[in-house]
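Asker: Construct the entire structure; sequences and hints are all you get.
2 protein chains.
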Amino acid sequence: MYQASYLKHFTEEVFLAIGCSPEEAKLASTVLVSADLRGVDSHGIARLAGYVRLYDHGRLNPKPEVKVVYETPSTAVVDGDRGLGLVVAPKAMEIAMEKAEKVGSGWVSVRNSNHFGIAGYHAMLALEKDMIGWTMTNAAPLVTPTFSLDKLLGTNPIAVAVPALTEPAFVADFASTAVAYGKFEILQRKGLPAPLGWAQDAEGNATTDSNAVKSGGGLLPLGSDREHGSHKGYGLGAIVDIFSGVLSGANFGPWVPPFATAGFMTAQQGVGLGTGHFLGAMRVDGFRPADDFKQDMDKWIKAFRGARAVDGQKVLIPGDPERESEADRSVNGIHLLEPVVLSLDELAKRFGIPFEINL
Amino acid sequence: MYQASYLKHFTEEVFLAIGCSPEEAKLASTVLVSADLRGVDSHGIARLAGYVRLYDHGRLNPKPEVKVVYETPSTAVVDGDRGLGLVVAPKAMEIAMEKAEKVGSGWVSVRNSNHFGIAGYHAMLALEKDMIGWTMTNAAPLVTPTFSLDKLLGTNPIAVAVPALTEPAFVADFASTAVAYGKFEILQRKGLPAPLGWAQDAEGNATTDSNAVKSGGGLLPLGSDREHGSHKGYGLGAIVDIFSGVLSGANFGPWVPPFATAGFMTAQQGVGLGTGHFLGAMRVDGFRPADDFKQDMDKWIKAFRGARAVDGQKVLIPGDPERESEADRSVNGIHLLEPVVLSLDELAKRFGIPFEINL
Numbered sequence: 003m004y005q006a007s008y009l010k011h012f013t014e015e016v017f018l019a020i021g022c023s024p025e026e027a028k029l030a031s032t033v034l035v036s037a038d039l040r041g042v043d044s045h046g047i048a049r050l051a052g053y054v055r056l057y058d059h060g061r062l063n064p065k066p067e068v069k070v071v072y073e074t075p076s077t078a079v080v081d082g083d084r085g086l087g088l089v090v091a092p093k094a095m096e097i098a099m100e101k102a103e104k105v106g107s108g109w110v111s112v113r114n115s116n117h118f119g120i121a122g123y124h125a126m127l128a129l130e131k132d133m134i135g136w137t138m139t140n141a142a143p144l145v146t147p148t149f150s151l152d153k154l155l156g157t158n159p160i161a162v163a164v165p166a167l168t169e170p171a172f173v174a175d176f177a178s179t180a181v182a183y184g185k186f187e188i189l190q191r192k193g194l195p196a197p198l199g200w201a202q203d204a205e206g207n208a209t210t211d212s213n214a215v216k217s218g219g220g221l222l223p224l225g226s227d228r229e230h231g232s233h234k235g236y237g238l239g240a241i242v243d244i245f246s247g248v249l250s251g252a253n254f255g256p257w258v259p260p261f262a263t264a265g266f267m268t269a270q271q272g273v274g275l276g277t278g279h280f281l282g283a284m285r286v287d288g289f290r291p292a293d294d295f296k297q298d299m300d301k302w303i304k305a306f307r308g309a310r311a312v313d314g315q316k317v318l319i320p321g322d323p324e325r326e327s328e329a330d331r332s333v334n335g336i337h338l339l340e341p342v343v344l345s346l347d348e349l350a351k352r353f354g355i356p357f358e359i360n361l
Numbered sequence: 003m004y005q006a007s008y009l010k011h012f013t014e015e016v017f018l019a020i021g022c023s024p025e026e027a028k029l030a031s032t033v034l035v036s037a038d039l040r041g042v043d044s045h046g047i048a049r050l051a052g053y054v055r056l057y058d059h060g061r062l063n064p065k066p067e068v069k070v071v072y073e074t075p076s077t078a079v080v081d082g083d084r085g086l087g088l089v090v091a092p093k094a095m096e097i098a099m100e101k102a103e104k105v106g107s108g109w110v111s112v113r114n115s116n117h118f119g120i121a122g123y124h125a126m127l128a129l130e131k132d133m134i135g136w137t138m139t140n141a142a143p144l145v146t147p148t149f150s151l152d153k154l155l156g157t158n159p160i161a162v163a164v165p166a167l168t169e170p171a172f173v174a175d176f177a178s179t180a181v182a183y184g185k186f187e188i189l190q191r192k193g194l195p196a197p198l199g200w201a202q203d204a205e206g207n208a209t210t211d212s213n214a215v216k217s218g219g220g221l222l223p224l225g226s227d228r229e230h231g232s233h234k235g236y237g238l239g240a241i242v243d244i245f246s247g248v249l250s251g252a253n254f255g256p257w258v259p260p261f262a263t264a265g266f267m268t269a270q271q272g273v274g275l276g277t278g279h280f281l282g283a284m285r286v287d288g289f290r291p292a293d294d295f296k297q298d299m300d301k302w303i304k305a306f307r308g309a310r311a312v313d314g315q316k317v318l319i320p321g322d323p324e325r326e327s328e329a330d331r332s333v334n335g336i337h338l339l340e341p342v343v344l345s346l347d348e349l350a351k352r353f354g355i356p357f358e359i360n361l
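Here the protein sequences come in this chain order: L and X.
The first sequence maps to residues 3 to 361 in my numbering.
The second sequence maps to residues 3 to 361 in my numbering.
Keep in mind that a hint or two might mislead.
Copies of the same chain are indistinguishable here, so a pair counts whether it falls within one copy or spans any two.
[To be verified] Below, simulated SDA-like cross-link-like pairs (lysine to any residue); rule was C-alpha separation at most 25 Å, straight line:
no.	residue 1	residue 2
1	K93	P75
2	K104	D287
3	K69	F261
4	K216	Q315
5	K69	E340
6	K153	K316
7	K131	P75
8	K153	Q5
9	K153	P170
10	K104	Y72
11	K104	P291
12	K104	V70
13	K153	E229
14	K131	Q315
15	K301	A51
16	K28	D211
17	K69	E103
18	K304	G272
19	K104	T74
20	K304	Q315
21	K216	M3
Keep in mind the hints are simulated off the structure, nothing from the lab.
Answerer: Now the structure itself:
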């Protein structure tokens, strides 16, 4: 087990080593390790080596000049200057919140960025200001829209954070696919098949092959098949792609560059600049007195949490599992899988940073 | 078959007969019949008798004073004064677009309204101004969130309309459930079972009973079950409910009043006022020059429409089926089912409006 503070410090040293400023190295490490704390292991420190690979391949600018290139009082496009999404996204969210402070809401579409970690982190920045936070990002194409054999969309997540009064905040944070790709990687390691409805094969047929996405198949949109509404999951992923990519002038659809895998594509070879995000903030008191709203959110949360549940289960509020994980892991530490620990040890040796192997 | 103009005229006469102003009767009939034109039969003239029942039960104010009760430059709450949602929603969208004109975007949460017809109509109002339109609405509880035995959410749809340059606009318009309730009504009439994944029974088990929702069960969120992401569909429906209901001060969750069925609940018995909607408009040129954006939307649409497809299918762009239906029905007319025709004939007799039975 590792304490979050230990992992944050290590991550900060790695980002400093590739040339990030002290302030940005600290921010990026906080965002990255918040994923491990919140139980979203696939988006946490397991990706640190990937961010370094982006740097090695010249796709990451460690000292970006993040700037507004186009704006109105409530909208803007921000250019991330090929910086870490972990840094670009919170900065863009600050801009959205400043606009919301002045005119009630702020909406920022971001181009020329990279992977931004967990979407929920950025949306939750709005909470302390009594704002509702929105986050979306596009991602490299792994998803086959309804009836398509081609992979045209990423797992394109949406996060929405809504403050309550005495109850913990509502924080929905989900991909627009049936499952995240990480679930296939777990099955692949164990040599297990996948449930039907998660992926299709190269001919577009339902499959239980957990390697299907690697052999010409694709991830399925939320809804899985046409009869169960996959065109809705496709529509949702498309909205995320358009708001993040087309609205900002980033890459979109099949042109979104991969995170850090083989076959690097530079942003210039696509149809726009880098990866795109979309961040928004709405002041709750742009609609109602904040306390009235938050009292009603408490009522909403209590009604749902108090619903009668299927035997052995309970009705959760979006954000409950991540919050419970954070409460647990803040105290008891974070367990990392062996390949992750070894990837960190490699970074430690390369950059001369002390690191303890702890399995 | 009926011509759309004939149905619009008839609908207008009915709304006039219950006391709507000429201008609002015309607007409401245009919105209502646009659903029939676009192939969304469940939300069109089949509901006209339901709106009249709302009036009969004192839940509908035919001469509402729709007004802004709270606002900032980019946000507002609009009170629909118990008016027809068919009229309140387009008025709220006008307010959102005026705000967008001035500060880049406008977001309006609506309380004290009623059913607003098809969500897509209102979102599409933004297109002619080179804006992106957003529409959401909450609805009476039919949906059981993941692991819940209680029905807590409506089918809560989202529509997003995005302009393109030479291609037809992108118009996603979908419920946050696996299927619309109307699909069950079709199966019930035919005595057929439903596919697994559409509904659960009173104990929360998967069922093929097409009457399940009427006998203690519930509609399933998009994703159908936990393994296929139903918590995401639940999260999406919850976001729609919070934006439409909690943000405006309308009813929300289990308290949203039913459209026009037995057991009428007046708005005052709930936790807020009437039904809630959420409408938004973003100026495309609040982000990029409009033509750059629209050229990229053309590129997006062509890439998706041109994808390799499963045998015998094609990859559709959200909005394609509705647009094709509108092109067909505008010329060839609209076929109405017998019960719908009879319900219109009843209204015709009651209000002394000429109506031709045409099956």
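Asker: For this structure, which hints from the list above don't hold up?
Answerer: 5, 8, 14, 15, 16, 21
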